[in-house]
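Chemist: What follows is each chain in one-letter form.
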Amino acid sequence: MSHEAVRVDPDMEYLTPGVVDLEQMFWTGLGATYTHCNQVWPNLYIGDKKTALEKPGLVEMGVTHIINAAEGTWNNVSTEMIHSLFLVNPSGDIFLEKHWKSVVSRSVCDYFLEAREKALDPEDVPPVISTPHHYLISIYRDKLFFLSVIQTEVPPLFVIEFLHRVAEMIQDYFGECSETVIKDNVVMVYELLEEMLDNGFPLATESNVLKEMIRPPTILRSVVNTLTGSSNVGDKLPTGQLSTIPWRRAGVKYTNNEAYFDVVEEIDAILDRTGTTVFAEIQGVVEACVKLSGMPDLTLSFMNPRLLDDVSFHPCVRYKRWESERVLSFIPPDGNFTLMTYHVNAQNLVAIPVYVKHSINFFESGSGGRLDLTVGPKQTMGKTVEGVLVTVHMPKTVLSVSLNATQGSYTYDNATKVLVWDIGKLNPQKLPNLRGSLSLQTGAPKPEENPSLNIDLKIQQLAISGLKVNRLDMFGEKYKPFKGVKYITKAGKFQVRM
Amino acid sequence: MSANSAFNEEKGGSSNVGEPEYGHDPASGGIFSSDYKRHDDLKEMLDSNKDSLKLEAMKRIVAMIARGKNASDLFPAVVKNVACKNIEVKKLVYVYLVRYAEEQQDLALLSISTFQRGLKDPNQLIRASALRVLSSIRVTIIVPIMMLAIKEAASDMSPYVRKTAAHAIPKLYSLDPDQKDCLIEVIEKLLADKTTLVAGSVVMAFEEVCPERIDLIHKNYRKLCNLLIDVEEWGQVVIINMLTRYARTQFLNPNMNESLLEEGGGEKAFYGSDGDDDEEEDKDEKDKKKAEAPSVVKRKPYVMDPDHRLLLRNTKPLLQSRNAAVVMAVAQLYFHLAPKAEVGVIAKALVRLMRSHSEVQYVVLQNVATMSIKRRGMFEPYLKSFYIRSTDPTQIKVLKLEVLTNLANETNISTILREFQTYIKSMDKDFVAATIQAIGRCATNIGEVRDTCLNGLVQLLSNRDELVVAESVVVIKKLLQMQPEQHSDIIKHMAKLTDNIQVPMARASILWLIGEYCEHVPKIAPDVLRKMAKTFTNEEDIVKLQIINLAAKLYLTNSKQTKLLTQYVLNLAKYDQNYDIRDRARFIRQLIVPTDKSGALSKYAKKLFLALKPAPVLESPFKDRDHFQLGSLSHLLNAKAGGYQELPDWPEAAPDPSVRNVEVKESVPEWTKCSSREKRKEKKVEKPFYSDSEGESGPTESADSDTASDSESGSEESGSGSESEESDQQSESGSEEDEEEEERKKKKEKIKDIFPLNISVCLADHAIFPLPVSTNQTITPSGNLKTYELLHRITGEGLSVEYCFSRQPFSPDPHMVAVQIQFTNSAASEAKNLHIEDAKLQSGMRMKEFPEIGHHRCTLPAGETVSVVMGIDFCDSTQAANFQLCTHTRKFFVSIQPPVGELMMPIFMTENEFKKEQGQLMGMNEITEKVTLGEKCHGEHAVIQRVTTAANLSRVPCGSDKECRFAGKTVTSGSLVLVSVVTKDNGAAQVTVNCEKMVIGTMLVKDILQTLTQ
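Residue numbers (UniProt numbering), protein chains in the order written: chain A, 1 to 498; chain B, 1 to 1014.
The shape of chain B in the complex, shown without the other chains:
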């Protein structure tokens, strides 16, 4: 059933009770009870045997979670299904578990063993997903289990599992930071991994757990650079950001010799023309340089570290990525690390991102705005790409405006101003205001156009829109402050505006201007004050303050005309509602009106009020934002975000570059066993990469020609270095193969040891399932294994087959029961190609066939006997496994049905553990029967022997000689099976079986009773 119906049903159910859809938890009883009811039917569905019902229930529960509804009361019912066979149900249970485990820690613990078992699964997807869920369960008690699982997964042979291990590291770290040291060890191990799949995830873990341990990167630096292009996009972003920081600590500033170059000429002409603030900056930089000039001169000319070059070269192609985050990461890397002459390459890519979604545009423009202050030349050719369309969102418009303003210089200012003119006509008033501010900034930065801009702004004063006028006034005020003498007519013009403009900020600005430059407009100023005195009480606070200021200034310069007016204004202010204004009035009165009490200050009043004030600097809000790493959240917010890693300053002297050399004799990590084909593929990708060094050097290296040759040779060096690394790898893999070969031989020998075969068995998948030879045979009394017939000599036309349950753990899959099959060829001719076909298994049951006998080298000659082992997962049931046994000529239908006692394997337990477990398996899970022992069955020894023959259990030590205890667990699900036999003097006995699986328990009791009564 589809989720669709689930959702609607949900909705339907809830609409009865008045839309509690998004209500948090309405306390009314009606809703509560209906919730309860509804959950009841979900519980029922979850408890049912049908997977489809369970799936349906889980779908509805997940739909509830998705809508933010609380489903935590279903936890016990859901967690039961964690080992469900249906993979979709299982996945949904995982989703649920991860969501609610934190709230129900005790119950969540019940599921842990399932995942622990999953970690050992031969299927890498199951191992990975088990680790993923286990590490997502935020329960502090399982920290040690998680740690162990991560360590193990970190040396898994599947790169996918190792990737999952890397993902699990930050999860564990956030759960328990005390594990840091152990986790760093794992990170170190995974950093050495050579697969692209792992690289991104482990660097992510490194950044989260121990970004300060930059030393871990040294040995892996070159490898990361070389793998970079093949890493998945998200990993690329993380790696590039980390390498940016790394490079800042390990290499020298490539622009350190700039001052020397500038003296050479070329550079200076180019950058010097950029304008005032840039020049200032350059000057600053130069000053700094001059201070350290002696040392610079003495130092040998800058040579770029070949590793630094490697990073720049290998990241450059990623500018062509379709992923905006990758492009931005490379752009910031170039901005922070590349020589000035090479940074330009990023501009084109960034401009391309401007075509993307508006959110991407927003972030990119923020970064371009910062970059364009430092490196204006780079974006100049793309000026027109920043032109504004009327359909752009306002925030984009304002940012584009910012960039345009930053890019303005003498040559392009006329085009930019023409653009600005069209913007002023826009309908978006916020944008118009921003444009007027931008014009003001252009005017202050570029002296040539100051008058033009001012005239333009004055024209705007007659605009119909008040906002436009107000903004213009504010900007004009700032501009006039720079050269007030020449513009008394503009001030006069503005004085007239006081009659019309109502925007307080603009009024305040005009008043301030008139006050400040009242000597330029001696006639108008007193008149303005007179008008303002009339309206004083109705003005806004900022305007009132400026009226007081104007009055004070006029009193000081022209007291004859304005003395009375000033007194009047000050009196009005004295009784104002605003205490700031009252304070100001009192303060100014004391200062300017000489009384006998007034101190020395009043003498200086004029100096105080009419001091020459520095003109305001109109600067970009993006100035100096580049101390944050570009592309970061902190840069965007212009405030440090939590977890932000400071971008370090370049070191004065380069640290030892040899730390990045990789030793030739490197220990082989275990997992390099990943198929050599994959490795070859990787190399194929890498190959053209190395050969690229010439292609790239063209335009960039001519700029710093004296260093070019150095870096060139450097890169060659690194090339050869990595080549040697490569050959090293090959030799490694060679030696590995040898090792493998040896291992294989060893294993064969061992196999022979176990099964006395005179033909060699080819285990095709021996590499996947390393066969640990079981040494703990002591658990079960061997020798008295019961054999069953599979194929009679007569039906089998000479081939007879018997089988027995060997009671050995089946190592390829621990959930399978090992069945030892013995073939005896009593026919005259040899039997070939013995194999299994067409297995008809009950759902859930699985079978691991024995390798084909007699396929390659050997046959089963007449009169010979051979035995093999196969594994069957009976799903903890006694249903038969039916299959066909085939020779080269015939097929026989056969079936294997296990006695219930073979479906379990022994486990060790102490007496206490046994009692504890038994205590938990009471009630329905306990089956007790009374029995009279058979004649031969008296005595402890006999009982033990009978029971262990009937079932694959191990004995649990017991203090009393009247009681025997046995423990085991079922092979598939791992449910505990506990058996105790209490004997009485009169030959009576009581058998108790405790098992979660009631069917197994009942059958086992019967079997044991039978064996004891014989």
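For reference, chain A alone in the conformation it holds in the complex:
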């Protein structure tokens, strides 16, 4: 074998070639044959990359350490995009690992765990961490860290987006994305990961495609499988993989054909202490639940599409139709999906549905303070505001609160210093009020800063931007589907500065 090391015995009369000899060899090519590995001294080898990559061979030779003396950009050993994936729970335990190439020791996660310790909040962990040999790209989602190991240049968003897809897929398959669910379905999760990535490059990430290859668990199927010994793994090539519409599987059949669309709008706003709007915008999303047989071709049109300023679509939407006619034309995936997200033109004034009257005072003496909050409806278009929830992040020195709410209930968490006031439905006749005293740490100075309020709310049957769906038409199939549209407005990142 050409890999065998050439031995040099120090006791032999071996003369190291001099410069002239070496030059001679170099020019004539005589006297030296290329070997992948030379033993230049007992137990000391000089070898090339090929030798270095062959682990069993190294073990045989008794190699314990390798020093890389190669130069240049092309000497990186691995070429894949995503090398490994680790799932880490909030207490820092790694409960699942998957490698798409040779195994990376889980000790690589120590760099990440260190950064996590350092961060006050899990959200503060930097998404990209550089270690001596690897790069760690992680996301924090549903109280879990998805940590991927990278060795070479790759767009970070590529990895981040993929990790979110993994989380979404787990959510989609098992209804939630949590440690217990993943542990309970570890084999299926593993099979999914195997299908989603090949050699670190995404292979099948469409939910419709994956579900044809690996069927999601249902109680009935697991019983049937146990009895008959049949499997969850499909043996046919998913039809979507090959067609130009990879997001839809073929042969969909329903007895009741239905298509539901939810128009959900979120108000992002910052109000200053006087109640004037510093910044406000509306972000919307059209969520679809389409259960239609065959290959339906849908067209959804709006009454006032000009309202939409910036849009992004599911790949199924024909962009050209939107450009020219401002209608959404698409062959839908089967089941639940996000059809589009949009941003409402910034020129339009954003209606702010609630107002907050607030006052917070700390006494100069530094022993306590007073809080008084009132929430009332503002521009609600005649609808009721529900699910109102006010969250206040108090200064660190606030020890406890003693408040009185005219409606709803409040809780104060002393560890996180968060005051939550759950109001519920807003009654315009009798405005909810929360007032009382705050007690501070003794001896602490009067807090410099004022907290800010975050408000959560919900308004049914209203898209606050005024967006309205005009009609939904279906082509390509004969039957008459049942169609429905629902509107809902929520508070997004709605913040009031005090």
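Calculated from the structure, these hints are not laboratory results. Keep in mind that the hints are not guaranteed to be accurate.
Distance condition first, Cα-Cα at most 30 Å in a straight line; then the derived DSBU-like pairs of lysine-lysine [claimed, not checked]:
| no. | chain 1 | residue 1 | chain 2 | residue 2 |
| --- | --- | --- | --- | --- |
| 1 | A | Lys-417 | B | Lys-425 |
| 2 | A | Lys-396 | B | Lys-429 |
| 3 | B | Lys-374 | B | Lys-492 |
| 4 | B | Lys-85 | A | Lys-211 |
| 5 | B | Lys-425 | A | Lys-378 |
| 6 | A | Lys-493 | B | Lys-348 |
| 7 | A | Lys-490 | B | Lys-384 |
| 8 | A | Lys-357 | B | Lys-384 |
| 9 | B | Lys-384 | A | Lys-468 |
| 10 | A | Lys-211 | B | Lys-50 |
Since this is a predicted model, take the numbers as computed values, not measurements.
Got chain A sorted already, so can you dock chain B onto it with the hints?
Modeler: Relative to the frame of chain A, chain B by itself:
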């Protein structure tokens, strides 16, 4: 059984021995033995015949792997199941194999043949998965096999298999870089592929293996641009990033004429107002331009290459993608390639991404920060989207702050400062410190607000929080350095702070300020020094150094008052614990205190210490980061990551654009046979794409109006170009059809040759299974085939059916045994629609029916005979295949049971190979029987004839005439079957059969014995 229970069982088992769950390998014996035991029962389950047990075992093993536990000792038991019929077991075995093959190379080799067989499977999913696993096994010895498999798969007719081939390329490359040249050939071939499925994967392979071979892209450039919108999202990212680099090498800088435009006026007013550093940059750029101005003027006005325009136009709709990585890829493409006036379109999309997950926000903000330095105007309308919420994570806050600072100019600075004021009240102290730094930067960049900022910062000096004060001091120090004369009162104010502020950096800053500007505060400075001398020993090192500096400076300007104090301080420093401080003290003493020994230097001491120092430049950490390709990991880290491809500078003169022209007479790649319907569909998608060129041009082209007409016509050109390409494709497909037609005819003829039919057989699936006509009939002695009766003339009401095993390879599926069926119609009427129905097969058995006879054109007229071939996969067992044989009127239950000798096919072997293989099939796999030969059976020839009639084997050459050897393999599983017959003089003989499948071996021995004794 669900994985759930598997997991829990695992857990339960391990909890007995004290949570070795995450322990690596505890050396204690107890755990070790229990591990061993547990694995033993897994081995048992894997060896069982029940698929459900195997599945259960594999699930538990995979669960172990998932938790990072070592399951490598199960390798032999697992690898046995690689050919398991149950697809889920098989998949899990694959998972295991890929994980451990590297560690158990020798054993892994045992599985290779399974995959090699899989590569030939008619099912594209099996071919693809075989290639996927084969290429994932990191065993160097199989490199040639992998290479061969990849080459073959690259011309597979299924695009899915070709995609898998593209994925396999980087795997092989990382295993053995010596294969590069061969792999490049495959990449070149796959780059020419016209399906969207392959495009992304092959570009990925290109980027991994040979990103420097930009020449491979030329011919495929336009195709890639046009396919882009239909490629899957991940492929889009890779293609866009690669095309960015490509464009940088092939096209001219669209902004090269900027300086000329600026002289025209419009542009300059817009960008010139941006502020100092931008102006500087512009100046730099202009200087560069001026240097090359003569050449620019002489050069004809810039005309955008139509291909450059094509790329910009075709990527733009992808800004609307839901995938953040795609949006970012397009954004960086526009940033690096588009004319200045068009870059603006990306801002809206990037701002939209800010609504996404916080990790996405983090990456996008990093890139926006870099972009906003170069192209501030683009993000100005979205200023408010960067406002900070108290709930943002700190790292997001700091990045938003960075962007806000970059966006600040004279018109918006007042709003930004008002925002900053609210930020200073935040509870997040790190963020407050960053805000103060940001205010400092705004103040240095925008002269008008310098005083306002300074006043604001001075107010912060009375803040209760020490950190805030300290940060303010540091920033104020930097600001004061710009115009110290006017601010002696601020310096005085700060001097007072030394009593209160404890943060070392702030103290050091104050001391430095007082020292540097001691002439502005002549009365206070000595007093500060006096106070500091008192506390010197308790100060931090940086403060001590500044005290020494202050002392030195005062000594030089005001030696009368401070001489003693300075001496005192220097003496304290002389005995300090820190050697830096001791050194500094000694050095300064020599420099400032004139002695007879001191040299010429002391004369210049004042000049040395009180030289006018340039004011510090407060600049963004993101400045000049755009030399890294935006959106890349290297950009994010601001350091080159391994494998990063440098973004090349624009060429001075454009390379020849004709390299991208695609020849009209293009050779037809083999795989364009993919259904023409698919192709039509593709075209449908592409069509509106071309027609788009007018819609897009509106706002952008007015900016460079003189070039607009050019690029317009250019794009039309490209449009027509691609149209011609399209028509070319059509003609291609046309000619293909012709070819196919011809092929089909040829095949029919061949089929007729084999089976003397007087009616033509319609092979519906001839296109899928090209029938290679077997020419190696010499293997088996034909002519003495035994025929069996399937349907008697009387039961069949005139239709009699016989069958024989033709011993030809069944080409549609090599794992099937070919059965030749002969129909004879001895009835008075004709028989129609002869076909098979309702096959009742044992599990695992498969059947490939013969095409229906007499359906379309012909019937089986009375008195005629016809024969057809069907394939049956008997799963290497002699169980009968039961089915119904149907005519247009009747159904007959029939069954075909194969003699064991028909379940194999001959293979060639040399004597040595035979001996070697035989050596490996000893023990249980060897069956030996003694026999006395029948009377007619003496002689070598007779023995050979008998044996080959009984079993479909071929003879292996042998040196001795006393011994005959035969070799074959079973049709389904490919297990070797070796037979040797040793004859003795007295008519006795010994028959030995070696076969892995013991049942087959036993039955075969019986059959051979029987035939030899007759």
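Chemist: If a hint holds in the structure, say so; if it doesn't, say that too.
Modeler: Each hint, compared with the structure:
1. A:Lys-417 <-> B:Lys-425: Roughly 17 Å between the alpha carbons, so the hint for A:Lys-417 and B:Lys-425 holds.
2. A:Lys-396 <-> B:Lys-429: holds, 12 Å
3. B:Lys-374 <-> B:Lys-492: violated, 40 Å
4. B:Lys-85 <-> A:Lys-211: holds, 22 Å
5. B:Lys-425 <-> A:Lys-378: holds, 28 Å
6. A:Lys-493 <-> B:Lys-348: With Cα atoms ~19 Å apart, A:Lys-493 and B:Lys-348 stay inside 30 Å; holds.
7. A:Lys-490 <-> B:Lys-384: holds, 21 Å
8. A:Lys-357 <-> B:Lys-384: holds, 24 Å
9. B:Lys-384 <-> A:Lys-468: This hinted pair holds, its Cα atoms lying about 27 Å apart.
10. A:Lys-211 <-> B:Lys-50: Holds. A:Lys-211 to B:Lys-50 sits at ~26 Å (cutoff 30 Å).
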